[in-house]
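Asker: Could you build all of it, start to finish, from the sequences and the hints given here?
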Amino acid sequence: MSDIALSLRKATKLYAGVPAIDGVDFDLRRGEIHALVGENGAGKSTLTKVMAGVVALTSGTMTVDGTEVAPKTPLEARNLGIAMVFQENSLVPTMTVAQNLFLGQEKFYNRLRGIYIAAQQFLQSLNFDVTPTATVSGLGAAKKQMVEIARAVLHRAKVIIFDEPTASLTPEEKKYFFDLVRDLKKRGVSIVFISHALEEALLLADRITVLRDGKHVVTDDVAKFDRAAIVQAMVGRDLSNTLYGARKSSVRPAGARVLTVQNLKMAPMVKNNSLSVFSGQITGVFGLVGAGRTETFKIVAGVLKRDFFHGGEILLHDQPVRYRVPAPAVKAGIAYVTEDRKVEGFFETSSIARNIYLGLLSKFPKGRMMLSRRETDAVGKSWIERLKVRAISDDGKVVELSGGNQQKVVIAKSLVQEPDLIIFDEPTRGVDVGAIVEIHELINRLADEGKAVVVISSYLPEIMALSDRILVSRQGKVVEEFSALEATEEKIMYAAIH
Amino acid sequence: MIAAVRDFANRFLGRGDATITVPSFDGALKPNQKLEAAETLLTCESPADLATDDSKLFIADGRKLLSLNGSTASELRSFEQPISALCTLPGGGLAVALGGREVRVYANPAAEQPSTTFADAAFNAINALALADDNSLIATDGSATCGVDDWARDLLELNRSGRVYRLDHGNKSVTRLAQGLGYAFGACAHGNGMLVSESWRHRLALVSPGASPKIVLAHLPVYPSRLSKASSGGYWLTAFTARTQLVEFVLREPGYRRRMMAEIAPEHWVAPRLRSGRSFKEPMQGAHIKTMGVIKPWAPPRSYGLVIRLDADGQPLYSLHSRVDGINHGVVAAVEMGGDLVLIAKGPGRVLKLPLAGLAEEFRT
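Those protein sequence lines, which keep their order, are chains A and B. Following the working numbering, the numbering of the first sequence begins with 22 at its first residue and continues without gaps. Following the working numbering, the numbering of the second sequence begins with 5 at its first residue and continues without gaps.
By construction, these hints were calculated from the structure, which means they are not laboratory data. Here the structure is a predicted model, which is why all the values come from computation and not from measurement. Accuracy of the hints is not assured; some may be wrong.
Claimed, not checked - Among the chain B residues that face chain A by a calculated CB cut under 7 Å, a handful are:
#  : residue
1  : Ala7
2  : Leu17
3  : Thr23
4  : Thr25
5  : Pro27
6  : Asp30
7  : Gly31
8  : Lys34
9  : Asn36
10 : Ala222
11 : His223
Said to hold, decoys possible - Listed next, the in silico SDA-like pairs over lysine to any residue satisfying Cα-Cα at most 25 Å (straight line):
#  : chain 1 : residue 1 : chain 2 : residue 2
12 : A       : Lys512    : B       : Glu257
13 : A       : Lys292    : B       : Ala22
14 : B       : Lys218    : A       : Asp339
15 : A       : Lys269    : B       : Phe367
16 : B       : Lys300    : A       : Leu224
17 : B       : Lys34     : A       : Leu224
18 : A       : Lys352    : B       : His223
19 : B       : Lys34     : A       : Leu336
20 : B       : Lys34     : A       : Glu501
21 : B       : Lys34     : A       : Asp339
22 : A       : Lys292    : B       : Glu257
23 : B       : Lys34     : A       : Tyr480
24 : A       : Lys164    : B       : Val298
25 : A       : Lys196    : B       : Ile299
26 : B       : Lys34     : A       : Gly301
27 : A       : Lys196    : B       : Val298
28 : B       : Lys34     : A       : Asp469
29 : A       : Lys292    : B       : Gly18
30 : B       : Lys294    : A       : Val76
31 : B       : Lys34     : A       : Ser271
Quick reminder that beta carbons are idealized off the backbone N, C-alpha and C, glycines included.
Answerer: Structure, rendered in structure tokens:
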């Protein structure tokens, strides 16, 4: 029997022609703990989703125990002995632990007592301290994780994949989780786990694979790595330079302080966060997923609310402000360009002009009852020309546009409000290369005009290319500030992780 | 009644006046360790202020007036009271504030008798002297009730009794320019007005004759102190320590403050200090936090060292720091002299020198 439990050869997955993983070779040995690390967008989740049958490969092969397979659904993967524990767990919260364990394996007639006894015996055999009759919604994160793991073992999984398993665990729960994983390893189960916490990878894994920009960079025994080597492997990229240009040789000087955030709190995402934003500058905010960047600026823009008790303070032009809804924030000159344009950015079946004019509604004069079609079209047309939105007609629907042009519409909807402070959240996510350049030019132009600009991005080259000063966020607060001239990808990534 | 309900709600919810927050050190105030790299020119017992006539450096060290030539300090003279402020005058004159209650003007530092003495009954804590554009003297008086050395009490009593005076040595008159300031500590001529530091309000205000003070720079994360002119335009602003959430919290707890001031020695109050870490009796030095099941010693910072370079409009350009793990804390005075910045770090009792060549360029990149 081969030593390799699962392997992928030249695995490629394209999303709308864009490779999420590109020609990746990956081997998982029997009974090993294998850590997958990489930046956001490096392709870690896609690779594991391929293994778990959540998505199918565009090209390449996958073998399990030496047999070529192509699981098209998670059920098919589970029948092959592969189970995945997702970051946001897939348990049914209103069901009991036992019902969740046996979900999908129900017989025609189920005796509840029998299920509970079987679940109790099984959980005890794993030494898991979980009550089978407890409702899942009442369990803590660690206990939910245990149920997920128990379910994977119950399904006789030979390979268990964990996506950010420790993200929601307390330190003590993490320690318990590590013991669990080591115990699974002793039982001969192969483990793949994704983690942004490099010390976890170094502590737990037997081997580490680093992915970057969807490509395999290196796989080696854990002894061959240290933190610096992993970070270097994660960020050293050539591809990005061609797209985002050379390093900045000068930065814009800071103007007046426009925004001050002091000890802002929104449990559990924003923890005592403090920062300032200045006019005439681009302030880049970098952090890994879950670092609380988006939430902080959503609170500033009135999209989310800070903690009710001792939630901190926000000052706009040195005056305390507190917005419960976005409209007064817009009136005060704050524009937030969302990271999720399809859900929060536009009405996809409305015309481009109407979507752009929407931005003005919060400033709609009191007493005026009717929208002027002529005015809507004029405003829309003017911004379509200014931002070079490529549409068949001004009357075209937003849904018909490409991702880049949709993003331009979302930006136009914000800029039409003539804000002083513009917050771009992942401004080029899912945007084609040509539009990225145009959006970056626009962001630079806004800063040159003296606006205070914030760019939140998980993509280091974008942060490096745009920002005059870079704030690094970790675990709900800004932990480091760099001038764009002193920042390196290694320094930023180090601050974001440690 | 509504105000009382609102006040209660604010205290309960931690909002409004009861928001215990502190601005962050970012942008131009991004921390560095520049002050720790400064050369120590002299160690004194209790340095209070600096002044220069571009050729000589005068240092107020307790009751003694020292002159520093190179690295050699010589005592010029001594006074019957500690010197609380110094200022050189055109033509070689020198103005000294003694004990915060009296300002004497000497024709030269060695002159036996003062040419003018200002001893207005209202003077209580004169802590800085500066020259106005018409060559009259400007004096800042921190508090109407607490003495120069009792500034921590003034903060904890939430006093707002700072004043700014114009001292005209031509007609020997004293004119009050402003009052009700949150510990006025430092002034510098700015156009036809004066930039004045308000330590307890963490801001710089422009005081002009016949006009109410105008805020130039607010929401500083520190307690600002003296100001001096920079040779290339703009100003140097010193800050004697940084604000902390612990002190901000104590400032909102009147009962606690009253008991603390009544029962505990002033050096152990929960209040900003010019130096810290010298005694285990200091508040919170014996504190701990539990992380991952392990008890770790922890203490909040009490002292800090900072000088801020301001532009001609009073906005920060860059800053020089001595962080919590440093020594050169409690910076109360900074003057430019011969291409160097000379500072007083009152915490360790040091006079420091920092070369200015290339400093601005370093921060620009």
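Asker: Taking the hints in turn, state whether each one holds.
Answerer: A quick look at each hint next to the structure:
1. At its closest, the beta carbon of Ala7 of chain B sits 17 Å from a beta carbon of chain A; the interface hint therefore is violated under the 7 Å criterion.
2. Against a cut-off of 7 Å between C-beta atoms, the interface hint on Leu17 of chain B holds, since the closest Cβ of chain A lies about 6 Å away.
3. The criterion of a C-beta within 7 Å of any C-beta in chain A is met by Thr23 of chain B, whose closest approach is roughly 5 Å, and the hint holds.
4. Taken as an interface hint, Thr25 of chain B checks out: its beta carbon lies about 4 Å from the nearest beta carbon of chain A, inside 7 Å.
5. Using the Cβ-Cβ criterion of 7 Å, the hint placing Pro27 of chain B at the interface with chain A is satisfied: the shortest such distance is roughly 6 Å.
6. Here the hint on Asp30 of chain B is kept, as its CB sits about 5 Å from the closest CB of chain A, short of 7 Å.
7. Taken as an interface hint, Gly31 of chain B checks out: its beta carbon lies about 5 Å from the nearest beta carbon of chain A, inside 7 Å.
8. Annotation: interface hint on Lys34 of chain B holds; nearest CB of chain A at approximately 5 Å, less than 7 Å.
9. Interface restraint check for Asn36 of chain B: the shortest CB-CB distance to chain A comes to about 11 Å, outside 7 Å, so the restraint is violated.
10. A least Cβ separation of about 5 Å between Ala222 of chain B and chain A falls short of the 7 Å threshold, and the interface hint therefore holds.
11. Given the 7 Å rule on beta carbons, the hint for His223 of chain B holds: about 6 Å separates it from the nearest Cβ of chain A.
12. For the suggested pair Lys512 of chain A and Glu257 of chain B, the alpha carbons sit about 41 Å apart, so the restraint of at most 25 Å is broken.
13. The straight-line distance between the Cα atoms of Lys292 of chain A and Ala22 of chain B is roughly 19 Å, inside the 25 Å bound, and the hint therefore holds.
14. For the proposed pair Lys218 of chain B and Asp339 of chain A, the alpha carbon gap of about 14 Å is at most 25 Å, so the pair holds.
15. Our distance criterion of 25 Å between C-alpha atoms is met by Lys269 of chain A and Phe367 of chain B, whose separation comes to about 15 Å.
16. Between Lys300 of chain B and Leu224 of chain A the CA atoms are separated by roughly 23 Å; this keeps the pair inside 25 Å, and the hint holds.
17. About 34 Å separates the Cα atoms of Lys34 of chain B and Leu224 of chain A, which puts this hinted pair outside 25 Å; it is violated.
18. Proximity of Lys352 of chain A to His223 of chain B is assessed by CA-CA distance (about 24 Å); at most 25 Å being required, the pair is judged to hold.
19. The hinted pair formed by Lys34 of chain B and Leu336 of chain A meets the criterion: a straight-line CA distance of about 19 Å does not exceed 25 Å.
20. A distance of roughly 9 Å separates the Cα atoms of Lys34 of chain B and Glu501 of chain A; the hinted pair therefore holds under the 25 Å criterion.
21. A hinted pair counts as satisfied when its Cα atoms are at most 25 Å apart, and Lys34 of chain B with Asp339 of chain A qualifies at roughly 19 Å.
22. With a C-alpha separation of about 24 Å, the suggested pair Lys292 of chain A and Glu257 of chain B falls inside the 25 Å cut-off, and the hint holds.
23. Restraint check for Lys34 of chain B and Tyr480 of chain A: satisfied, since their Cα atoms lie roughly 24 Å apart, inside the 25 Å limit.
24. Using a Cα cut-off of 25 Å, the hinted pair Lys164 of chain A and Val298 of chain B holds, with the two alpha carbons roughly 23 Å apart.
25. Between Lys196 of chain A and Ile299 of chain B the CA atoms are separated by roughly 18 Å; this keeps the pair inside 25 Å, and the hint holds.
26. With a CA separation close to 18 Å, the supplied pair Lys34 of chain B and Gly301 of chain A stays within the 25 Å bound.
27. Proposed proximity of Lys196 of chain A and Val298 of chain B is supported: the alpha carbons are some 14 Å apart, at most 25 Å.
28. For the hint pairing Lys34 of chain B with Asp469 of chain A, the CA-to-CA distance comes to about 23 Å; that is within 25 Å, so the pair holds.
29. For the hint linking Lys292 of chain A to Gly18 of chain B, the alpha-carbon distance of about 15 Å falls within 25 Å, and the restraint holds.
30. A distance of roughly 44 Å separates the Cα atoms of Lys294 of chain B and Val76 of chain A; the hinted pair therefore is violated under the 25 Å criterion.
31. Distance check on the hinted pair: Lys34 of chain B and Ser271 of chain A sit about 18 Å apart at the alpha-carbon level, within 25 Å; holds.
Hint compliance for this structure: hints 1, 9, 12, 17, 30 are broken, all remaining hints hold.
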